[in-house]
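S.K.: Chain by chain, the residues:
There are 2 protein chains.
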Amino acid sequence: MSSEQVSVTFQPSGRRVYVLPGSKVLEAAGRAGLPLDTPCGGAGTCGKCRVRFAEGACEPCAEDRAIFPEAELAAGWRLACQSAICGDATIHVPDSSLFADQHQILAERAGETGELLPAVRKVHLQLPRPSLEDDRPDLLRIEGPAGPLRAGLDLLRDLPTRLRACGFAGTAVFTDHHLIDFEPGDTTAHCYGAAFDIGTTTLAGSLLDLRDGRELALASNMNPQIRFGDDVLSRIQKAGSAEGREELRSAIIGAVQDLLAEMCRKASLDREHIYEVVLAGNTTMQHLLCGLDVTPLGAVPFAPACGRGLMVRAAELGVGIHPRGAAYVFPVIGGFVGGDTVSCMLATRLAEQDGPVLLIDIGTNGEIVLAHEGKLWAASTAAGPAFEGARIRQGMRATAGAIEKVVFDGEVRISTIADSEPVGLCGSALVDAAAELLRAGLVTSEGRMRIEGELPAGLSPDIAQRVCVGADGQPEFILAPAGPAGEGVRLTQRDIRELQLASGAIRAGVNILLARVGLKTADLKRVLIAGGFGSFIRRSNAQRIGLLPGDVDRRRIQYVGNASLNGARWALLSTNARKTAERLAREAEHVELSQDMNFQMEFAEAMIFPTG
Amino acid sequence: MSSEQVSVTFQPSGRRVYVLPGSKVLEAAGRAGLPLDTPCGGAGTCGKCRVRFAEGACEPCAEDRAIFPEAELAAGWRLACQSAICGDATIHVPDSSLFADQHQILAERAGETGELLPAVRKVHLQLPRPSLEDDRPDLLRIEGPAGPLRAGLDLLRDLPTRLRACGFAGTAVFTDHHLIDFEPGDTTAHCYGAAFDIGTTTLAGSLLDLRDGRELALASNMNPQIRFGDDVLSRIQKAGSAEGREELRSAIIGAVQDLLAEMCRKASLDREHIYEVVLAGNTTMQHLLCGLDVTPLGAVPFAPACGRGLMVRAAELGVGIHPRGAAYVFPVIGGFVGGDTVSCMLATRLAEQDGPVLLIDIGTNGEIVLAHEGKLWAASTAAGPAFEGARIRQGMRATAGAIEKVVFDGEVRISTIADSEPVGLCGSALVDAAAELLRAGLVTSEGRMRIEGELPAGLSPDIAQRVCVGADGQPEFILAPAGPAGEGVRLTQRDIRELQLASGAIRAGVNILLARVGLKTADLKRVLIAGGFGSFIRRSNAQRIGLLPGDVDRRRIQYVGNASLNGARWALLSTNARKTAERLAREAEHVELSQDMNFQMEFAEAMIFPTG
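Chains as they are written, first to last, in my numbering: chain E, 510 to 1121; chain X, 510 to 1121.
For the record, the hints were derived by calculation from the structure and aren't laboratory data.
By construction, the Cβ of each residue, glycine as well, lies at the ideal position given by its N, Cα and C atoms.
Where hints are given, some of them may not hold.
[Claimed, not checked] Pair ranges (Cβ atoms, derived):
(1) X:Gln635 <-> E:Met1106: 48 to 54 Å
(2) E:Pro654 <-> X:Ala1031: 38 to 44 Å
(3) E:Ala678 <-> X:Ser1049: 54 to 60 Å
(4) E:His633 <-> X:Glu1096: 28 to 34 Å
(5) X:Ser750 <-> E:Glu624: 48 to 54 Å
(6) E:His633 <-> X:Ala824: 33 to 39 Å
[Claimed, not checked] Going by beta-carbon spacing under 8 Å, a handful of chain X positions derived as facing chain E:
(7) Arg645
(8) Pro669
(9) His782
(10) Val809
(11) Val821
[What the hints assert, rightly or not] Reference listing, derived: stretches of chain E covered by chain X, where coverage requires no fewer than 3 residues with Cβ under 8 Å from a Cβ of chain X:
(12) 635 to 642
(13) 653 to 666
(14) 807 to 821
(15) 1096 to 1104
Using the sequences plus the hints, can you model the full thing?
M.R.: Here it is as structure tokens:
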């Protein structure tokens, strides 16, 4: 079936994905990293997720006809939540249809409002040359009326020579009230910054034009620290020695450097024109990349070294941008609720949302934030890296060859990324498969996989024949049979157990946090799902396995993409956003779930899959 | 005659000087670096300069009797401006009799007022250990309610280990809102800073206890850059190459390091407990010690690299104190009016003085500041190093063996520092000798030394026989005849020319500055004389040679000691003083004398000695 996949190209980003015919455009866009705005929850009623097919448009459905006039339908306009992909297609996504993270809003409004306030500013100056009538010191000449301007010794040492070499005409580069360079000529057109989401398993970077907030390149890679262990605790242990700490530090900085190099290549620009980086990650990742001592994060009460954001020279971190470029590392809330969570809160304006709102950032750690009546509670659960493909026998990241979707419709239908031969499965397929196995009665609510002889009556032969027993005597389910090109892909009993642990940890966290505040899942006005994985998850399946509460209307569940990266982008573009981040980090109440008396009980209960 | 000198010891400082019997206590105290407060100008009427002889008291004079009751006279109380030294003496100088520079006021009032506000603070803390109820990050734990606390990466990297090693009990060291260390135990008793006056010829340092402002040690040495030239222009030329700049930088930093080492030895303390240094020097010296490019200071319009004060890590300058200790380098006014002038303005509260007040800082450059009706004008003149002993054939600094006083009273009487065999003469003796030679008619007002056959009638034989001709055929005057122990000391025609240039430059500057503002010398309410040399100068002689205006009542001329060092001390003890310094530097109007159309004319006129 995977050979039936079709190619969908999104414009203006040019991102391309491969999906099964019949997939909704909304889903394909999510796969392409373009979460669309669906306040109606994909019911086809709000008309927010409008897109335009340039080629490969399907027939308009009733919902399309209710929203678009005939001329627009003829031009290819459709609702992404209703329209299916019927063949190779090219689809235009207007900015207004994207889930509006603050970075996007800012980039759109650049120039119109004063919100685009990056710490880095470039100003082309033709300064008056010193004269007897105007013998002001060089730095005061650049300062202007805005107030005291500082400069580091290394720049000051050569500033006089450089100013005179260019005849006092050039481009001053400022970060806040510091002059970091004076470049000959007018270089104002080259003013870039990079934002990073530093995950335990995955790193993502975004290169922005600081003049207008436009994204020039995106890149992501694996966190190379994985070779020291796939969760934060194993990293903390490894960092117990000075050598270990340095190994972890240089590994992650090396990955950041790689992302920077890749993005500079993609955008054809010079690293020296990147003047600032903003980094958001969980507390352990941020500490490790700064080379801080993480030993106290390994034991109760998990106290971090620092809480407020760090503003340092990028060179001090080993990040190779402009030699006097800056680095801002996000503030953290507590031991396991870090800068990435603050960044998500920032990107979604969580504190300003109406009614009880829950934010779930699904990653190796699952961070959960509840906003209610002007207050914020934040917690972290050790979900483990199962959703990112680790600890699953044939698990993998969502890259070429990964099964990313599983549907049972009498037979087993799978969709593989890049339409490749299936070699493993990623997190979304894990959730799909488990949900379908539950629906088919092949997995019990306790998570036991049924074996031959226990199978429910009426099971289709195609599905029944995929139930088997592995070499370890444990049940397995064949998602893709072995063939000439590969050994196939199987889901194991152990994989189901890993999923139960990961899903149960997050769900228990949600329940405890709600109980703390005296709320039930049904009270939630909205549930925001963040994280690279979160964008691909299918809500009904996440509800089926109990990861998301079943009594929350699907329309209240919204994907917000990699909100941590979006928040980092926003902080790169706005010093006001940083102030907000600092405030949010200090205002949020840190709930330490592992120490909650009810956590073990909740966890045990949440590991049980809901009955159909 | 030098064998007749007597020893005077001042308490509580323990400083000892040797003076001629008959010298006023006021003069001896000035020699000892203890400028006394004489608002009446030494007329014996204000009663401010009271001192107490512990031994060697002379008979009280009428002025003493008018001020002190009999019991106090019996206890040794006298007026320093009236009482003469009649033999070896030990004299107590109460703090209240010292010229009250702001550092002294601050040190006296420490604890009483909130004025003692050093940037460096130490606080002994017994922090609550992290617990489940209180899992705040380490740095926030130290922060307290005062607001965001920052720390550099190098400290943060090991902060968790160090806090835990000392059980969260120790001493936090802050500079402004930065944590620079957390020391085990209670080290609050060890909190030091050092202030420096960086002169073209002479460096002076002062080590202070930052808790109460007390001075723990003083030291001074020659500026080793002298080997590259004795004035700022020759240094600027030498610094034209990168190697030259580095040579000059490391030479002066080496001298600062030597002073630090000497003061730490004297006070028996550890350099690591010095957390801040404050440095004040002229613009060129400050630029050179920071390693800044000084090329533009070598040509019109002499624009400095920066104007505001610099706050950097001491380690960046190469100054070895606490590894994260700070350095504050004074703001400058312009190319040749630097941080030392700002520091003098600060120490004397010049801007707050009543009436037109003139400050003259006599050094290798003579800086002149006029305060009038809330405005400030500042100028610099290239006096050259003559007053500091350079460019004078047998000139030397005011150290052992230097003739420091010359009196003609029928014979030539000299006084030598430390009562040593005379080997040269220092600046005050140069002024004395020139004044006496003028009075005796041995030097004409054009500065020509008279030779045998031109001598005035009635000259005493002792003096007449000292007039001679040097090997170059030019007139010379024997101050100390050659003897078995040495070659003697002679003043040459060329020396007189150097003095004319030095004195004329300063006096021309004074005249131009006054003319700018529409004032005459007679309008001056006060003239403040600053500088190491300034403390030793005799006002009548300075007026006789025209260095100081003759129509200003002597009582309006006040010595303020090394005001640049005093201002640096004050800035070390008070961040408010730094703010004032920054403001003064920007408010003062920089008058570039060398470009004044009248300067050459004024200079030529000022070189003529006044007629008797």
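S.K.: What hints, given by number in increasing order, does this structure fail?
M.R.: Numbers 1 and 9, in rising order.
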